[in-house]
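Visitor: Protein sequences, first through last, are from chains A and B. According to the numbering used here, the stretch in the first sequence is residues 1469 to 1744, in order. According to the numbering used here, the stretch in the second sequence is residues 7 to 213, in order.
Just so you know, these hints were derived from the structure itself, not from any lab. Just so it is clear, the structure is predicted and the values come from calculations on it, not from any experiment. Don't take each hint at face value.
Here are the simulated EDC-like pairs of lysine to aspartate or glutamate, each with C-alpha atoms no more than 20 Å apart in a straight line [as the list claims (entries may be wrong)]:
#1 1539/A to 201/B
#2 1539/A to 160/B
#3 203/B to 160/B
#4 140/B to 62/B
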Amino acid sequence: MPRQNKNQWWSGRFQVVACCLLYAITLATAADAQPGETSDSAVLVPGGSYVPAFARQPGKPGTRTPIRTVKVDAFRMDRFPVTNEQFLRFLIAHPEWRKSKVKTLFADEHYLAGWRADLSWGDQQTAGQPVTNISWFAAKAYCEDRGAELPTTDQWEYALWDQGRHQTEVKAKQLAWFAVPNTQNVPAATSAPANDFGVHGLVGLVWEWTLDFESTPTGSDARNGTSEKGLYCGGASVGAKDASDYGAFMRYSFRSCLKASFTTKDLGFRCVMRTP
Amino acid sequence: MRDADAMTRPNASVVVLAVLVFLVSFSQDAMSSTATERPLPGLSVYNISSRWTTQDGDFVRLETLRGRPTVVAMIYLNCPDVCPLIAENMEQIQANLPQALSSKVNFALFTFDSARDTPDKLKAYAKARGLDAKHWTLFQSDDRATRELAAVLDVTYHKKDDGNFDHSVVITLLDGDGVVAYQQIGLRTDTREFEAKIRALNLNNTK
C-alpha cells in the first residue's frame, strides 16, 4: 500500500513537472505569435494621406467646405489592442495605476471593473483579451511607459482607411459589430484578422482611445466660443459629410462623448511609435 | 408609549448626527490651516505630475498653485479673436471681486501653443495686458502636458495645419486644493455667477 502511494506520488510529481515544462515551451513558442513588447508586435504603417470621414462629401464637390485631405507621416502601430496580460505587467511595475490606488482624477469608478483584484483579471476574462475599462490617462501612461504614444485620431483612422482597400468590408464589419450586444465577452485580441497594413482588429473587438479623442475637427473655425461636443455627441449628424459611412460617424460621435477619466466595458487601446 | 418611543428615537439620532457634523466641521477648520501638508484629493487637477515653465522662467508643478482658489483658462498668443476675450473675461472677474476677496484668488493662463509661446512671450503678453504679477501666472509646457491638462479641464482643442488651434472656451474655478469647483463654458460679461462660486468656497481661512 505505501509503495503504491509512493508511485502515485511520483507520477503526480511527474505530471506536474511535465505540465510546467509544456507550459514553458508553449509560452516560449507563443512569444512570437502573441502580442507583446517584442519588436514585431508593431507594424510599419507607411505615410500617406486620407480624407477623414467627416470631410468626405460624395456627390457635391465644392458646394460646401472643400474636402480636407490629411497628411499622415509613417508610424509604427501595435498589431493588436493591448491585452489584459500586457496591462497586468504594467500594473506590476506601476502600483499607482492599480484599481485600488488610481486617483479619481485619472479614472472613474468603473476602472478595471471586471478585475477581481489589483493584479488579477476577472473569472470571465482571459489573458489575451483586449484590456477594457481603461481610462485615457491609464492608456496614455501605459504607452508612454513603453516609449510609445496613443495614436492620434488621424493615425487611427488612417490605419483603418488602409489606403482605401476593402472599405466596404470594413464598413460592414463595423456595422455588424454595433449589432453585437456589449454584454458579450470581448474576443481575444489575436482573433481578429489583419488589414493590408498588418494591423488587426481596429474594428470588431473594442472601441479604442485616441490621443486627441476629444477633438472633432469640423473643417470650420470653431471660434464662436462654444464647445464642438454638441456636433457629434448625442448623434446629431450635422457635421458628418458622408452620411453613408455610419460606422465612421459613430466612431467620431463616440469619441466626442468621452471624458478622459471615463471607462467602459468595450473601450480599450493600442499604442503607436514614431519611426526611427 | 410605543408611538412615543418611535418619535423620540429619530430625534435622538438627529442630535447625535448634529454633534457629529459639528465635530467634523470643527476638525476641518483646524485642518485648513495645514492645507499644504494634507495629501491632494484624488480629484485634484494638481495630481498631474507634468512640469510647466512660468513667464518668469520657473520650472514648476501645478501644485505650486495650491492654497488659494485659482481661475484657470487655456489660450494661445497667436489667437486672433477669442483668446484675448478669455483673458479679458478673467480680468473682469478679478476686477469685479471685492478687494478682500480678489487678493485671495490666483489667476492662471496655460498656452495650447507649446511650440511658439515661450516664457518670454508670455511675460510680454502679461505686461502688455497689465496683468498683475502677484496674482497672475502664465504657463507653458510640452504637447504631452498640454494635452493632459486639457483632458482634466475638459477643454477640447485641435491643432490646425497653419499652426493655430480650434479650441473650446472654458474658464475653470479650482478650489484651493485644485479640485474643479465650477466651469463657465463660453464668455460672459456678467461675472456675478462666477463671483458667487468663488464666495461659495468660503475663503475666510485663506491667506
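Visitor: Each hint should be assessed against the structure and marked as holding or not.
Guide: Here is what the structure says about each hint:
no., hint, result
1, 1539/A to 201/B, "46 Å, violated"
2, 1539/A to 160/B, "27 Å, violated"
3, 203/B to 160/B, "19 Å, holds"
4, 140/B to 62/B, "12 Å, holds"
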